[in-house]
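Visitor: Sequences listed follow chains A and B, in order. Residue numbers for the first sequence follow my numbering, so the first one is 209 and each next one is one higher. Residue numbers for the second sequence follow my numbering, so the first one is 781 and each next one is one higher.
Just so you know, the hints here were simulated from the structure itself, not pulled from any lab data. Please note: incorrect hints may appear among the correct ones.
With a cut-off of at most 25 angstroms between alpha-carbon atoms, the simulated DMTMM-like pairs for lysine to aspartate or glutamate come out as follows [claimed, not checked]:
#1 A:600 with B:870
#2 A:317 with A:330
#3 A:300 with A:541
#4 A:461 with B:845
#5 A:383 with A:593
#6 A:461 with B:844
#7 B:1029 with A:493
#8 A:554 with B:899
#9 A:461 with B:870
#10 A:317 with B:844
#11 A:317 with A:540
#12 A:317 with B:822
#13 A:461 with B:822
#14 A:383 with A:330
#15 A:554 with B:795
#16 A:600 with B:886
Given the structure is predicted, the values throughout are model-derived calculations rather than measurements.
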Amino acid sequence: MSRSFYDEMYDANGECRPHYQEFARWLAETPPDILAQRRREADLLFHRAGITFTLYGDKQGTERLIPFDTIPRSIPASEWRMVEAGCIQRVKALNLFLADLYHEQRILKAGIIPPEQVLANDCYQMAMQGLDLYRDIYAHIAGVDLVRDGDGTYYVLEDNLRTPSGVSYMLEDRKMMMRLFPELFAAQRIAPINHYPNLLLETLKSASPLDNPCVVVLTPGRYNSAYFEHAFLAREMGVELVEGADMFVRDDKVYMRTTAGAVQVDVIYRRLDDGFLDPLAFSADSVLGVPGLLSAYRSGNVTLANAIGTGVADDKSVYPFVPDMIRFYLSEEPILSNVPTWQCRKPDELSHVLAHLPELVVKETQGSGGYGMLVGPAASSKEIEAFRARLKANPAAYIAQPTLSLSTCPTFVENGIAPRHIDLRPFVLSGQETRLVPGGLTRVALREGSLVVNSSQGGGTKDTWIVEDCEC
Amino acid sequence: MKLSISHDTAYYYEDQVRASIQYLRLTPQESPRQRVLGWQLDLPRPAQVQVDPYGNILHVLTLDEPHDTIRIHASGQVDIDEACEAERYDGSPLPFLRSTHLTQADQALRQFALRNVGEQRDRAALGNLMLALREHMAYTPGSTHVESTAAEAFAGCAGVCQDHTHAFLACLRTLGIPARYVSGYLFTDDCGHVASHAWAEAWLNGAWYSFDITNRLNKPERHLKLAVGMDYLDACPVRGMRRGGGYEKMHAHVIVSPAEIQIVQQQQQ
């Protein structure tokens, strides 16, 4: 089966798209040895800056550099405005859904989402039932994963409302490009993104009713795959990076230990999953959290960003209902489309999926990071059969989607430049207003033909440009 | 039946504890089934009180001065309506369909549940399941520990009230019946068991029905309810953490008696 791919730089006739022309001209004029030298320089700089991630399941448990590609992914500003509006709409609806789900449950009573789908979901948190949050915001930071199909249409692949990561790569990739190729940024208007840490800090502060709340970043520690990012964001925002053991709870208030004594903490940007936050309330064997944190949270004495229990809204089995949430809460039509999704918990949809496994992508409803998924067209018959058995044993744990072709972007490979598949993760911040910096993180699947862009699966990143349409 | 409770818990530490924090679910809630005539919690220092995620009354006790002992005393009188067999509930029972680490059903528990319940999903069928489960699992203190899972205790054919309850919850949830863990006190004439007790509630016909597996009872006549949850970890009377202290010795002493008689039971560890 041959599929047509949408290429970000070249149209179907091989003509360079207008928003890439400036870059294409520069690329053609710059000698290859200079480009190669700059790429080596980039590797060295990333290594020195310590921008790494840890690979789970790797026997050596080593930190690796995320491969960085120097050809940017570029989006015309007019197109971006649609993507931006679509992301804002979606995250607003998801926050409204969470507030509704943990209070009146109007959407369940209206028969739009089957109650057992969300209430019997492992990510549904009893601790959030009836708890009022300041501004009714649950996902202060959301990552919306977007891909483009053969005709260039944007689709939302998934919403990440728990602890989405990758924003540090977005920021570092831009810094690197500006350092290596300043001439590119002089030649055209590329929307800046370096104010993200300021926006994040504003968002975190606005999540608390206090005037000048004390904000910290809570990390599981240096063995976490995103530790670099936790440290990076704390430094960029100028706030403390803490681990659970650095904090304690006294009389329903949270304090951190400092050299100057205990300081009360008001907002915790936590990069720790729900189940680890409070060993007295959740996982008893966890040493990563803060004993008593849940009681302080439920007393309203500390803000968690994101809130507890957001996972029920980004669960892949709830994903198919997001367009209906947008209609229900906002009375609007979705700006961005969902990928058609078969829910394997439904017997007729399961039989369709089992009959078409070689064409489909099958994902665990609870999975993330590209672990535990089947990409039918790329899988061996042995892998497909193994997945068939898993599906039959526990259908409710899976969903399936058609294999999207995913757009491509020219990328440096061993033998020059070749198209590789990419996605896009814009980061949506919800505080006093819902907003995002232009662009997001572009991930690229470096293996030829691969559709899996996750860094844990050998993906790389690119700088993402929102280019003002030129008047030329 | 009017019950009088006196529950002493004391922790003794080998070394000084630098700081400790306890979640205490030691205060009964007022309900149509139980009328709280008076209740008092004596603690080393004042604790914050709130309602926990399952609607239980939760005291959070934080101690950050060095200490080598923690004494907790709960006492009061509660009037139990023996005729009241079921409890209404405003929330959705669906979250109680989920399993937890401690109540995860394995193949053996799933088969046991199906074999003993069949097609029926009523109180009589669950009563039979309760009897069969109790038949399968002897009451043997010391055969399990506080972290034993339902599947482990079931495989070992023995346990205490906590294990019986976990195994029953695992069976019910695998059958698609919402079920929850209850911790509380039980008054017994024969002093056969400790008075700090655990049992289960199953959601049938729009209400919670009690099943005391250990005592093969499905009428909660002498049961004083303290807290509910998904499993032991959510509902247990005391859950705490500390920094320092070394070896810990715990001493619990419960007296549950009809308001006029006094029957003393003691558990030492």
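Visitor: Could you run down the list of hints and mark each one as holding or not?
Guide: Hints, one by one, checked against the model:
1. Pair hint residue 600 (chain A) plus residue 870 (chain B) does not hold up; C-alpha atoms about 36 angstroms apart against a cutoff of 25 angstroms.
2. Only pairs whose Cα atoms come within 25 angstroms are accepted, and residue 317 (chain A) paired with residue 330 (chain A) is accepted, the gap being roughly 21 angstroms.
3. Between residue 300 (chain A) and residue 541 (chain A) the CA atoms are separated by roughly 13 angstroms; this keeps the pair inside 25 angstroms, and the hint holds.
4. Distance restraint check for residue 461 (chain A) and residue 845 (chain B): the Cα-Cα separation of roughly 17 angstroms lies within the 25 angstroms cut-off, and the hinted pair is therefore satisfied.
5. At roughly 45 angstroms between alpha-carbon atoms, residue 383 (chain A) and residue 593 (chain A) are farther apart than 25 angstroms, so this suggested pair is violated.
6. Distance restraint check for residue 461 (chain A) and residue 844 (chain B): the Cα-Cα separation of roughly 13 angstroms lies within the 25 angstroms cut-off, and the hinted pair is therefore satisfied.
7. Only pairs whose Cα atoms come within 25 angstroms are accepted, and residue 1029 (chain B) paired with residue 493 (chain A) is accepted, the gap being roughly 20 angstroms.
8. A distance of roughly 22 angstroms separates the Cα atoms of residue 554 (chain A) and residue 899 (chain B); the hinted pair therefore holds under the 25 angstroms criterion.
9. Straight-line distance between C-alpha atoms of residue 461 (chain A) and residue 870 (chain B) comes to about 30 angstroms, which puts the hinted pair past the 25 angstroms bound.
10. Only pairs whose Cα atoms come within 25 angstroms are accepted, and residue 317 (chain A) paired with residue 844 (chain B) is rejected, the gap being roughly 47 angstroms.
11. Distance restraint check for residue 317 (chain A) and residue 540 (chain A): the Cα-Cα separation of roughly 20 angstroms lies within the 25 angstroms cut-off, and the hinted pair is therefore satisfied.
12. Proposed proximity of residue 317 (chain A) and residue 822 (chain B) is contradicted: the alpha carbons are some 44 angstroms apart, above 25 angstroms.
13. Pair hint residue 461 (chain A) plus residue 822 (chain B) holds up; C-alpha atoms about 22 angstroms apart against a cutoff of 25 angstroms.
14. Only pairs whose Cα atoms come within 25 angstroms are accepted, and residue 383 (chain A) paired with residue 330 (chain A) is rejected, the gap being roughly 40 angstroms.
15. Of the pairs offered as hints, the one joining residue 554 (chain A) and residue 795 (chain B) is violated, with about 58 angstroms between alpha carbons and a cut-off of 25 angstroms exceeded.
16. Taking the CA atoms of residue 600 (chain A) and residue 886 (chain B), the gap is about 18 angstroms. The hint holds against a cut of 25 angstroms.
When the structure is compared with the earlier hints, violations turn up for hints 1, 5, 9, 10, 12, 14 and 15 and for no others.
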